[in-house]
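**Student:** Respectively, the protein sequence lines represent chains L and V. Adding 48 to a residue's 1-based position in the first sequence gives its number in the working numbering. Adding 682 to a residue's 1-based position in the second sequence gives its number in the working numbering.
One should not assume that every hint holds.
Stated by the list, open to error - Simulated pairs of lysine to any residue, SDA-like, Cα-Cα distance not exceeding 20 Å:
no., chain 1, residue 1, chain 2, residue 2
1, L, LYS57, V, THR765
2, L, LYS57, V, ASP763
3, L, LYS57, V, PRO697
Unchecked claim - One-sided and incomplete, this derived list gives chain L residues near chain V with beta-carbon spacing under 7 Å:
no., residue
4, GLY52
5, PRO62
6, VAL67
To be verified - Residues from chain V that keep clear of chain L, each with C-beta distances beyond 12 Å, as calculated:
no., residue
7, VAL752
8, GLU753
9, ASN755
10, ALA836
Simulated from the structure, these hints should not be mistaken for lab results. Virtual Cβ for every residue (Gly too), placed ideally from N, Cα, C.
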Amino acid sequence: MEIGKPLRKIVVEPLRDPVPARTPEPVREPPPVSPPVREPVRQ
Amino acid sequence: MTAMPLAGDRPWAIPDYVAPVEAWRVWRIGLRDAEIVLESLFAQATWEPGVPLTASCATGHRSRWRPWRVELNDHAAPDFDCTCGIYGVTTDEAAREYLNARRFGAQGDRVIGRVALWGDVVESETGWRASYAYPLELYVPVAVADGGGLRRRAYLDEIAFGLEAYRVPVDFIAARPGVEAVA
Numbered sequence: 049m050e051i052g053k054p055l056r057k058i059v060v061e062p063l064r065d066p067v068p069a070r071t072p073e074p075v076r077e078p079p080p081v082s083p084p085v086r087e088p089v090r091q
Numbered sequence: 683m684t685a686m687p688l689a690g691d692r693p694w695a696i697p698d699y700v701a702p703v704e705a706w707r708v709w710r711i712g713l714r715d716a717e718i719v720l721e722s723l724f725a726q727a728t729w730e731p732g733v734p735l736t737a738s739c740a741t742g743h744r745s746r747w748r749p750w751r752v753e754l755n756d757h758a759a760p761d762f763d764c765t766c767g768i769y770g771v772t773t774d775e776a777a778r779e780y781l782n783a784r785r786f787g788a789q790g791d792r793v794i795g796r797v798a799l800w801g802d803v804v805e806s807e808t809g810w811r812a813s814y815a816y817p818l819e820l821y822v823p824v825a826v827a828d829g830g831g832l833r834r835r836a837y838l839d840e841i842a843f844g845l846e847a848y849r850v851p852v853d854f855i856a857a858r859p860g861v862e863a864v865a
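Kindly produce the complete structure, drawing on both the sequences and the hints.
**Tutor:** And the structure:
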């Protein structure tokens with residue numbers, strides 16, 4: 049690319065990382081487990 | 683979290699700026715393992731998603747004692763007196779000149795965007811050369827009257843979707859009339 053004549057050299061040290069952080073994937077909770085249906089005991 | 687490849691290299695260097703330089707540039711669209719990646723126009727460099735690109739000097743010089751041989755430079759990029767480094771220009775108009783596939787570099791689809799430059803940076807009249815870079819925003823040029831139809835639009839949608847791996851905003855931009863945005 050054409051950028052013309054160099055003028056000066058500088059040091060650029062970003063305080064924050066310029067690379068976007070990876071967003072954590074949402075944690076899927078397991079579906080609620082319904083208690084087992086107990087058959088009525090015949091007496 | 684990406685490691686900051688700066689302070690550890692030169693703990694004595696006092697920074698002039700603590701925010702990256704924001705510039706414009708054009709990338710070529712490449713395919714690697716069926717994934718869309720950004721490639722530099724003039725250098726054999728692939729911009730990995732999530733990883734800053736690190737500059738190195740690929741130019742050479744005549745050996746002082748064996749002038750028939752060209753030896754690779756061993757300085758850190760960018761060097762003030764060399765042409766090495768990762769390039770960016772000051773305006774989007776200047777970057778748009780490089781969307782024309784026939785005038786500059788290899789053929790292929792191209793995207794334009796803003797780029798963060800940091801590390802050692804050589805400031806020039808209309809742009810910069812830097813030692814580290816990562817995209818900030820990406821724009822897929824769409825020629826309004828390119829006649830590509832739905833199939834072409836679906837192809838550009840696929841490019842935009844693939845570029846989301848860089849985790850930066852991706853959008854479409856109208857290509858300037860008369861400029862061949864996509865080959």
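**Student:** State for each hint whether it applies.
**Tutor:** Against the structure, the hints:
no., hint, verdict
1, L:LYS57 / V:THR765, "holds, 13 Å"
2, L:LYS57 / V:ASP763, "holds, 10 Å"
3, L:LYS57 / V:PRO697, "holds, 11 Å"
4, GLY52, "holds, 3 Å"
5, PRO62, "holds, 5 Å"
6, VAL67, "holds, 4 Å"
7, VAL752, "holds, 23 Å"
8, GLU753, "holds, 23 Å"
9, ASN755, "holds, 16 Å"
10, ALA836, "holds, 27 Å"
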